[in-house]
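Novice: Chains A and B supply the protein sequences, listed in that same order.
Quick note: the first sequence uses the working numbering, first residue 612, plus one each step.
Quick note: the second sequence uses the working numbering, first residue 170, plus one each step.
Incorrect hints may appear among the rest.
[Said to hold, decoys possible] Listed next, the in silico BS3-like pairs over lysine-lysine satisfying Cα-Cα at most 27 angstroms (straight line):
1. Lys-173(B) <-> Lys-329(B)
2. Lys-176(B) <-> Lys-618(A)
3. Lys-268(B) <-> Lys-173(B)
4. Lys-176(B) <-> Lys-329(B)
5. Lys-226(B) <-> Lys-176(B)
6. Lys-173(B) <-> Lys-226(B)
7. Lys-175(B) <-> Lys-329(B)
8. Lys-618(A) <-> Lys-175(B)
9. Lys-619(A) <-> Lys-332(B)
10. Lys-175(B) <-> Lys-226(B)
11. Lys-332(B) <-> Lys-175(B)
12. Lys-173(B) <-> Lys-332(B)
13. Lys-268(B) <-> Lys-329(B)
14. Lys-619(A) <-> Lys-268(B)
15. Lys-329(B) <-> Lys-619(A)
16. Lys-329(B) <-> Lys-226(B)
17. Lys-332(B) <-> Lys-176(B)
18. Lys-645(A) <-> Lys-618(A)
19. Lys-329(B) <-> Lys-618(A)
20. Lys-619(A) <-> Lys-226(B)
21. Lys-226(B) <-> Lys-332(B)
The set of hints was computed from the structure by calculation and includes no laboratory data.
Only a predicted model underlies this, so the values are computations on that prediction, with no experimental measurement involved.
Residue-level listing of the chains:
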Amino acid sequence: MGTNDRKKIRNDIILAVVLLAVAAAAMLFWHFGKVEGDFAVVLIDGVETARYALDTDTEVVIHTDNAGENTLVIAGGKAYVGAANCPDLVCAGHRAISRVGETIVCLPHKLVIKITAASDAGGVDMAA
Amino acid sequence: MQGKAKKLTFLSLAAAVALILSYVEVLLPPIVTAVPGIKIGLPNIVIIFLLYRFGVKDAAAVSAVRLAAVTLLFGNPVMLIYSIAGAALSLALMALCKKCGLFSAVGVSIVGGVSHNLGQILVAMLLLETAEIGYYMIVLAVSGTVAGIFIGLAGMAVLKAMKNVRF
Ligand SMILES: [Zn+2]
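Okay, chain A solo, but in the shape it has when bound (with noise of 0.2 angstroms):
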C-alpha cells in the first residue's frame, strides 16, 4: 500500500468522525433545546389546515389529495400517526411527539404534523 492511499484512508476516517461528530453535536443542541409543545399542527402541501391542543385526547382522520387518510390521535399530551394508507407506513411507525418543533412527515401525502407553542400564532413556519 503506497503513502498515497494511506493519505486516503487517514482522509476518509477523519470524514467519517468528523461527519458523526457534527451530527452527535446536532443532536445533544436538539435535544436539550426542546420544550414541550401546545398544538398538534396539521399541514397538507405546506399549508396549515387544521390544529389540535395537545391537552385534550382526540382521534381525527386526516384527508389528503389522492385519497389518503392519515389518523391523527392526540393522548397523553402526544400527537402520533395511528394509522395510515400511504404506500411506506413511515408516518403510521414515527414515535410520538410532543415537544415544539417535532414533526411527523408523511412524504407520499405531503402531509406534516408538527408541534408549536401557544405563542405560535401559526403561518410562519418558514420564517422560524
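We have chain A already, so just place chain B with the ligand on it with the hints.
Specialist: For chain B with the ligand alone, kept in the frame of chain A given last:
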C-alpha cells in the same frame, strides 16, 4: 465498434444489477422507521464501480435507467422526485470527491450516502414548505456515514475483483 457494443452490454448488465439491489433493499426490513429515507444504498455499489471504471457520465446514465425502472416497477411517482434529487446530488458530489483525490472509494461513498439523504431532505423541505424537518438530517447524516463506509468497502471489493476485466 466491438468495444463499444461490449461496453453497452456491460452497462446494461450493471443497470440490471443496480435494479436488483434496489429490489433487495425494498425487501429488507426497515432499520429505523422513525425517519423517512433511511436506506443502506445498495445500488450505490454499482454506481461507485461505474464511477471509477467508466466515469461520471456512464454512472449517471445507469443511475437514470435504474430510477426509471424502479419507478415503473414498484413505483410511486410522488417519490421519484425525491429519488432523483438524492441520486443527482449524491453522484455529483461523489464525482467531485473522486476528482479531488483526497479520499479512497470509502470516503467517496460516505459523501455519496450523506448527500443522497441531504438531497431528499432538501426537496422535502421545499415541497412541504417546512424547514423544521431539517432535523431529520441529523439522523440521516449518521446513517449515511455508517452505510457509506460499508457500501464503499463493498465497492472497493468489486473494483478489485474486476481489476483484470477489460471493457
Ligand atoms: Zn405516511
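Novice: Please list, smallest to largest, the hint numbers that this structure does not respect.
Specialist: 2, 8 and 18
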